Amino acid sequence: MKILVITELRQGKWNNTSFETLAAAQQIAAETSSTVSGVVIGKGVSAFAGELAAKDVAEVLLVEHDLLEAYTPDGYSIALKQLIEQSKPDLVLFPHTYQVRDFAPKLAAMLGKGMIGDCIGYRNESGKLIFVRQMFQGKTAADVTFQGAGPWFASFQSGAFRADLVKPHAAGKAPINKISVELKPEQIRTKPLDLFKEAKSAVDLTQAPIIVSVGRGIKAPENIPQAEALAKAIGGEIAASRPICDEGWLPMERQIGSSGQTVAPKLYLALGISGAIQHVVGMKGARTIVAINKDQNAPIFEIADYGVVADIFEIMPALTEALEKAKT
Amino acid sequence: MNIIVCIKQVPAKDAPLAIAGNWIRESDIGFEMNEPDSFALEEALRLKEKHGGEVIALSMGPERVKQTIKEALAKGADRGIHIADDQFAQLDPLATANALAVAIKKENADLVLTGLQSDDHGFGQTGVLLAGVLDLPHATIIMQIEVADGRLKLKRELEAGWFQHIECPLPAVLSIQSGINKVRYATLKGIMAAKKKEIAVITRESLGAAAAPTQKIEKIYVPTKTKKTEFLTGSPKDVATKLVEKLKFEARVI
Ligand SMILES: Cc1cc2nc3c(=O)[nH]c(=O)nc-3n(C[C@H](O)[C@H](O)[C@H](O)COP(=O)(O)OP(=O)(O)OC[C@H]3O[C@@H](n4cnc5c(N)ncnc54)[C@H](O)[C@@H]3O)c2cc1C
Ligand SMILES: Nc1ncnc2c1ncn2[C@@H]1O[C@H](COP(=O)(O)O)[C@@H](O)[C@H]1O
Numbered sequence: 001m002k003i004l005v006i007t008e009l010r011q012g013k014w015n016n017t018s019f020e021t022l023a024a025a026q027q028i029a030a031e032t033s034s035t036v037s038g039v040v041i042g043k044g045v046s047a048f049a050g051e052l053a054a055k056d057v058a059e060v061l062l063v064e065h066d067l068l069e070a071y072t073p074d075g076y077s078i079a080l081k082q083l084i085e086q087s088k089p090d091l092v093l094f095p096h097t098y099q100v101r102d103f104a105p106k107l108a109a110m111l112g113k114g115m116i117g118d119c120i121g122y123r124n125e126s127g128k129l130i131f132v133r134q135m136f137q138g139k140t141a142a143d144v145t146f147q148g149a150g151p152w153f154a155s156f157q158s159g160a161f162r163a164d165l166v167k168p169h170a171a172g173k174a175p176i177n178k179i180s181v182e183l184k185p186e187q188i189r190t191k192p193l194d195l196f197k198e199a200k201s202a203v204d205l206t207q208a209p210i211i212v213s214v215g216r217g218i219k220a221p222e223n224i225p226q227a228e229a230l231a232k233a234i235g236g237e238i239a240a241s242r243p244i245c246d247e248g249w250l251p252m253e254r255q256i257g258s259s260g261q262t263v264a265p266k267l268y269l270a271l272g273i274s275g276a277i278q279h280v281v282g283m284k285g286a287r288t289i290v291a292i293n294k295d296q297n298a299p300i301f302e303i304a305d306y307g308v309v310a311d312i313f314e315i316m317p318a319l320t321e322a323l324e325k326a327k328t
Numbered sequence: 001m002n003i004i005v006c007i008k009q010v011p012a013k014d015a016p017l018a019i020a021g022n023w024i025r026e027s028d029i030g031f032e033m034n035e036p037d038s039f040a041l042e043e044a045l046r047l048k049e050k051h052g053g054e055v056i057a058l059s060m061g062p063e064r065v066k067q068t069i070k071e072a073l074a075k076g077a078d079r080g081i082h083i084a085d086d087q088f089a090q091l092d093p094l095a096t097a098n099a100l101a102v103a104i105k106k107e108n109a110d111l112v113l114t115g116l117q118s119d120d121h122g123f124g125q126t127g128v129l130l131a132g133v134l135d136l137p138h139a140t141i142i143m144q145i146e147v148a149d150g151r152l153k154l155k156r157e158l159e160a161g162w163f164q165h166i167e168c169p170l171p172a173v174l175s176i177q178s179g180i181n182k183v184r185y186a187t188l189k190g191i192m193a194a195k196k197k198e199i200a201v202i203t204r205e206s207l208g209a210a211a212a213p214t215q216k217i218e219k220i221y222v223p224t225k226t227k228k229t230e231f232l233t234g235s236p237k238d239v240a241t242k243l244v245e246k247l248k249f250e251a252r253v254i
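Sequences listed follow chains A and B, in order. Numbering-wise (the numbering used here), the first sequence opens with residue 1 and increments by one. Numbering-wise (the numbering used here), the second sequence opens with residue 1 and increments by one.
Calculated from the structure, these hints are not laboratory results. Here the structure is a predicted model, which means the values were calculated and not measured. Treat the hints with care, as some may be off.
[Claimed, not checked] Once the Cα atoms are required to be at most 35 Å apart in a straight line, the calculated DSBU-like pairs of lysine-lysine come out as:
| id | chain 1 | residue 1 | chain 2 | residue 2 |
| --- | --- | --- | --- | --- |
| 1 | B | Lys-66 | A | Lys-88 |
| 2 | B | Lys-219 | A | Lys-197 |
| 3 | A | Lys-219 | B | Lys-66 |
| 4 | A | Lys-327 | A | Lys-284 |
[What the hints assert, rightly or not] Stretch by stretch, here's where chain A covers chain B in the computed footprint (C-beta under 8 Å, at least three residues):
| id | segment |
| --- | --- |
| 5 | 9-22 |
| 6 | 70-76 |
| 7 | 91-105 |
| 8 | 136-149 |
| 9 | 192-201 |
| 10 | 240-250 |
Even glycine gets a Cβ: it sits at the ideal position worked out from N, Cα and C.
The whole structure should be built from the sequences, with the hints applied where relevant.
Next comes the structure, spelled out in structure tokens:
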């Protein structure tokens with residue numbers, strides 16, 4: 001097989017999940033005697049192609065065009081379609097970033113193909129690749145296979161593979177091949193404008209050694225102080241899952257997850273949080289994870305060191321009291 | 001402005017899932033409107049209130065999805081389209097998009113809204129694919145929509161707290177992120193009014209959008225744990241005492 005890895009740059013830097021996907025591709029290639037080509041796309045990005053060529057890849061394909069300076073779904077899908085038609089891969093892998101989910105399904109569809117998105121792993125069963133993804137908000141996993149002829153498209157969730165396992169090139173550098181693509185301004189229908197941050201981060205949760213995080217199990221804003229009391233007793237910062245911040249029960253700067261902050265405290269206490277992947281990617285690096293949830297099948301328990309299957313409204317006050325007592 | 005909102009009906013959030021092959025047993029569980037889609041519907045209703053026009057609720061699925069279409073009508077959608085298909089859970093995202101696209105093409109819509117992701121399959125693809133199949137411009141993870149001079153000014157969410165403004169011409173397809181607005185409840189008056197609203201039913205076969213599947217869900221299963229979780233049991237007081245001890249002397253994190 002020929003495997004293509006589409007890397008991503010974000011504001012002039014590598015999006016590191018690109019290398020996680022490269023690690024996955026190298027692993028698949030080793031098991032299926034395939035080759036890996038790395039793709040860099042943008043404008044004025046040849047230095048990145050040079051860096052990628054130092055990894056264990058057969059070649060780096062460099063796609064540059066003035067109209068690819070800023071990301072647009074039209075620009076990227078039109079350019080990558082031409083690249084795929086020229087280089088004829090069997091499998092095209094992406095990191096599952098917000099940018100990829102914005103264009104990759106359409107790119108696949110333009111070629112009449114399908115994409116298995118947001119995979120957390122794969123299995124190779126005597127040469128047949130089975131992709132594993134989550135369904136039902138992480139409550140189940142699913143084995144998914146491609147049907148029909150390639151090229152096949154798949155994306156890997158951030159954290160599914162380890163970027164530090166990317167193998168370097170054995171002989172120094174892989175060749176860099178420039179691919180020219182045709183793009184006209186009128187083909188690009190959306191106009192990307194400014195990038196900005198909304199929340200002025202007064203708190204830096206990434207530095208907090210202990211985080212007490214609440215999810216929709218907290219039910220109502222009146223109940224937040226109970227969790228805050230617990231946070232105070234344990235010497236931690238309060239944080240939340242997305243729905244809590246969407247509701248405005250806690251400020252957005254306290255949101256943990258893919259659209260909020262990524263944290264790795266020594267202790268993360270998840271109260272009434274189900275453990276959806278977009279939340280988990282923001283906290284699974286915590287050294288010790290405690291989950292309290294009334295549903296014993298909640299996915300958060302898959303990554304918890306200590307679990308309590310119970311009503312948080314019974315545990316929060318008892319735990320606050322036990323912590324206060326332990327101090328004296 | 002005429003707006004089509006694609007609404008999927010999914011198992012209720014707290015429904016116990018009984019796995020059956022590559023789907024779940026549907027008997028004995030409740031169903032509800034996919035959460036992101038309720039935000040998309042709300043956004044459509046607000047745009048209609050501002051700019052006039054019509055809101056159409058479009059849903060594909062078995063007979064049960066009529067209930068969700070009725071809920072949309074009760075909240076203020078003007079009419080519904082039900083693509084009847086008992087096998088819809090077996091479709092791949094492209095086949096779903098192809099079917100929805102045929103129904104959408106028959107209407108004169110300025111804007112097509114979808115939710116960002118469904119809570120059951122969770123493909124996160126249908127909106128983008130619709131744009132591809134309909135050859136319309138699109139944007140995803142939308143957190144704000146303004147319409148001025150026949151163009152959309154959008155706020156798109158990026159990772160790690162970043163956002164981006166985007167301009168997009170009409171007609172277009174947008175995938176709406178949860179939390180973009182505060183959704184309304186249906187009023188009694190709305191529920192009564194909905195009884196007179198039309199739900200057109202078409203079968204998926206009649207749309208002639210069938211194509212060979214590009215992927216197949218072989219089976220679903222309860223995921224294997226990556227960590228060994230120690231479950232603490234007992235009265236709340238016991239659990240609290242045990243947990244403090246574990247955190248202090250075993251994990252040594254407090
Ligand atoms: C592109 C994208 C980006 C996203 N970004 C983020 C992000 O950055 N951060 C984020 O958190 N989410 C994010 N999400 C949303 C994510 O998919 C989930 O919807 C969200 O994390 C769910 O939050 P929750 O666990 O609080 O709520 P739910 O999933 O509703 O879970 C509530 C949990 O509380 C339990 N519970 C209820 N009552 C009690 C009680 N009394 N006692 C004990 N337990 C109880 C329930 O059993 C359940 O497990 C994103 C989604 C998408 C599509
Ligand atoms: N069967 C369906 N009927 C109507 N809309 C759907 C259907 N399936 C998916 N959608 C729409 O596509 C969005 C994304 O779904 P998915 O690609 O499955 O994550 C949903 O939020 C809906 O708006």
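Hints, one by one, checked against the model:
1. B:Lys-66 / A:Lys-88: Violated: Lys-66 of chain B and Lys-88 of chain A sit about 44 Å apart, past 35 Å.
2. B:Lys-219 / A:Lys-197: Judged against 35 Å, a Cα distance of about 41 Å means the pair is violated.
3. A:Lys-219 / B:Lys-66: holds (29 Å)
4. A:Lys-327 / A:Lys-284: Answer holds: Lys-327 of chain A to Lys-284 of chain A is near 28 Å, not above 35 Å.
5. 9-22: Held - the segment 9-22 of chain B has 5 residues with a Cβ nearer than 8 Å to chain A, which meets the minimum of three.
6. 70-76: With 0 residues close enough to chain A, the hint is violated.
7. 91-105: holds (count 4)
8. 136-149: With 5 residues closer than 8 Å to chain A, the segment 136-149 of chain B meets the three-residue bar; holds.
9. 192-201: Violated: only 0 residues of the segment 192-201 of chain B have a Cβ under 8 Å from chain A.
10. 240-250: As far as the segment 240-250 of chain B goes, the hint holds, because 7 residues have Cβ atoms under 8 Å from chain A.
Comparing the model with each earlier hint shows violations of hints 1, 2, 6, 9; every other hint is respected.
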